[in-house]
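Q: Below, each chain spelled out in residue letters.
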Amino acid sequence: MSAEPTTLLQGTLDLLILKSLVAGEKHGLGVSRRIQQITGGTFVVKPGSLFPALHRMEEEGWISSFWGDSENNRRAKFYRLTKAGQRQLKVETTRWGRISWAIDHALEAS
Amino acid sequence: MPLPVKARSFLRNLFLSRRVEMDLDEEMHSHLEMLTEENIRAGMPPQEARRSARIELGGIEQVKEQVRERRVGNWLHSVFADCRYGARQLRKNPGFTFVAALTLALGIGANTYIFSVVDALLLRPIKFPDPGRVVALWERVPNAGLDRNELAPANFLDWQAQNHVFDHMAAQDWWDANLGGVDRPEHLHGFLVTPDYFAAVEAQPMLGRAFLPEEGTPGKDHVAMLSYGIWRDHFAADPSVVGRPVLLNGIDYTVVGVMGPDYNYPSGAQIWASLAFSPQSGANRGSHYLHGVAHLGAGISLQQAQAEMSAIGARLAKQYPRTNIGRDVKAMPLIESEVGQERAPLVVLLVAVGLVLAIACANISNLLLARASSRQRETAIRAALGATRRRLIRQWLVESMLLGLLGGGLGVLLAFLCLEVQVIRIPPEFARMIPGWGKIAINTPVLLFTTFISLGTGLVFGFLPALRASRPNVNDSLKEGAPSTGFGRRHRLLRNALIVSEVALSLALLVTAGLMMKSFIRLECVFPGFNPNRLLTMFIALPDAKYTSSEPTANFYERLIERVQNLPGVQGAAVANMLPLGGMNSTSTIRIEGRPEPPAGQEPEANSRSVSASYFRTMQIPILRGREFASEDSAKGRLVVAVNKAFAARFWPGEDPLGKRMRLTGPLRDQPWRTVVAVVGNIQYELNVPAPAEMYFPLRQQARSTMALVVRTSPDPRSLEASVRAQVAALDRDQPVFDIMTMDDLRSVSLIGWRLGGTLMTAFAGFALALAALGLFGVIAYTVKERTHEIALRMALGARPQEVFRLIVGQGMTLALMGLVAGLPLALGMGRAVAGLLYGVSPNDFATFAGVAAILAAAAFAACYIPARRAMRADPWTALRNE
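Taken in sequence, the protein lines are chains A and B.
The numbering used here puts the first sequence at residues 1 to 110.
The numbering used here puts the second sequence at residues 1 to 883.
Please keep in mind that the hints were generated in silico from the structure rather than gathered at the bench.
Fair warning: there could be bad hints in the mix.
[Unchecked claim] EDC-like mimics (lysine to aspartate or glutamate), calculated; alpha carbons at most 20 Å apart, straight line:
1. A:77 x B:56
2. B:127 x B:336
3. A:77 x B:37
4. A:77 x B:336
Assemble the whole structure, with the sequences as input and the hints as a guide.
A: Rendered as structure tokens:
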């Protein structure tokens, strides 16, 4: 598999993770399932992409982590959105909006 | 703020890596458990649930590795890990590590050594704060082929007054300074400089002050600047010496300052005094003896300065056609002007050690390629555990660079040893004159260079093996019992290509070494025209203040010769103002009686020498026609001259020169006619240049204050040094002697460039040859091992051992031959590049090429011989039973 996803995909993944955390803190599996749910099953994020992204975003300061208990009382690592993460979500959303508009526009042109 | 968060993560990853790892591990396991639970809730049986969870996760170790790859500072972390791993690999294979590190140590050591010399002599021979602004000025006479002629005082003064491009311009002249008022008189190598000199070379005294403008006028010019060495050795480093008088050439000078220990221009200068022009000398445009230095004004480029100076030169040529016609001005960076003849041989040596290192790299590449195939399994395991290709390549490169650093460290040690034992040895009297010689050392710039090439070589020789090794076939390599050798055809081609280029480079180096060595041997055999054995030489500079005219000067030297001749063990003694093989010369323009006067600026020139009557006898220069100088050739007698064979052949071809007349001409006035009384044999002033036309004047008719004393001795000349010195002291107890050398010393110094070039090149080329042979041996031995099965089969089918031998040797010799063919144009190119350094041998000398090719072929044969013998002894049954 390719070591570097394209920037578009990476940006998309960041955006989806940030979005999935808006509703509240989640562990890795929770994030993964939430993305699956909000995209109507279009995106299934594999652990091999999810965890590197989560750790990277934590290092960027967009999300923070803590250990807690899962819904089934299992110890799990939870992630939550930080202030910087909320700002980043706005930036990513705007950016995505631009890209999406541009692509639509391009496809509509005859 | 993102930066502190990131920085904190970086530090945490670096220093709390264990905790970070445990955290990650726990997160993965908890994720796996949750997935499993999810599956069970969806109705799967536990076993199935676990399996499915594992598949979805995709391997805990791989995911962890992917997370690690993305971490901040991961590169640093994993480089540490790679270093540890690499060091372990090197320790695990001490044999390989030893051979590779030793090869590199020799290669890098040679580079470090030569670079330390290049750095001191070529890159920073003289220390100036802003070397680009300090300019040397010369007169240029294109018609006479003079690119750098010394300056005449009147020209210098006009340049100084008329230019607007330099903010300081100064002139300097050699100055023999006899230091008096001390126990034992000492000769100092001094310079007379105009007041602006220290400003022009951007130098400030450590103590006291530089010369003042008014000190450039006659009567006020008895001021001196001490060098650091003289201040330390003769004035006990006493700061109060500034302002005190010092006796130089019998005159009191006032010390105005002391230069710092780092100031070393002009090279070997021990003392400076002010140079003042009298109205008479300041008007002289005919005697060229000054060196010009200048400092570029702010915002002025060298090109602008050159343009203005050329314009001034053209103006002066128009104004004073008799002396200045055809005279241009040349401005060049002072450093470039100072670094002269050492450049070409040093550049050749630098290229040579570079090539040696390239061969060493090829050799180690080859060793590593062989190792890459035996380490296939290990690489495959790493790849299976999630190491990316990039990571694998980096691991190999880190290992190679570690090896490079190891070799570099040993190499620095080796270079240091070479400097300590003085592999290049030059008598101090001459070393002093080479700018930067005393500064050769393993210093910071040299160490930086070595670190750089150590890492660089690591990258170079590790690159190909890393590319090959990082593409393992995981399935095949991990199969039980898979053979651990062989990457196939492309791999073999690569190794063969490396060997061919090694042989080609070796050929080029050997040919260059051969040509240079041959030149040196040819020069050693050149007969100098006199008998150089058992001659002691030394210089004496009589001060003008004490020896005010020709007569007392000549008297001193004649009495000295007489006293020395009477010493036991002395066969003869004489004086001359120039010594053969001494690297100095003086020439004069002349006219031959009865010939039409040549146009101004195109008078013929000849070497001029003043000698005592005993000179030809003492030196054993044959007198071919006529007589020795005699007592009748006195100041009052008829003016006479002796000419050498070359002079006679040039100016009186086919005629008898005896009784013919010639005279010295000057731009201002001509000297009277002189009659030829002798024709003597040619002697070599430089061994590599045919003897030019030369004329000798008797001491009494052309006395000079600075003369060389030559003494022919029966015992070792050095043993008479003290007693000859005593004779000088007996005549004048304040008179020092200097530059005491035997003629053998002078001869070997005059050949030092060729000797060093030849021997160092030979050493480097020999090393290259050994490396190429070793490389070939390695490849052939490897092939034999690889082909054991095939050879055994051949033998089982009836091939005779000789045929096997021929097969193996043939393979090796084919490679060697390809190398020779590939190296031929390279060798021809190198030969052409060093043509200027050769003597008596053409750059494509057939004998050298043939000899070198034969040596290489013999070495290649020897390298194939052992593996071929081993192949011959292959036992078909053992080999086949292993199947």
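Q: Of the numbered hints stated earlier in the document, which are not met by this structure?
A: 4
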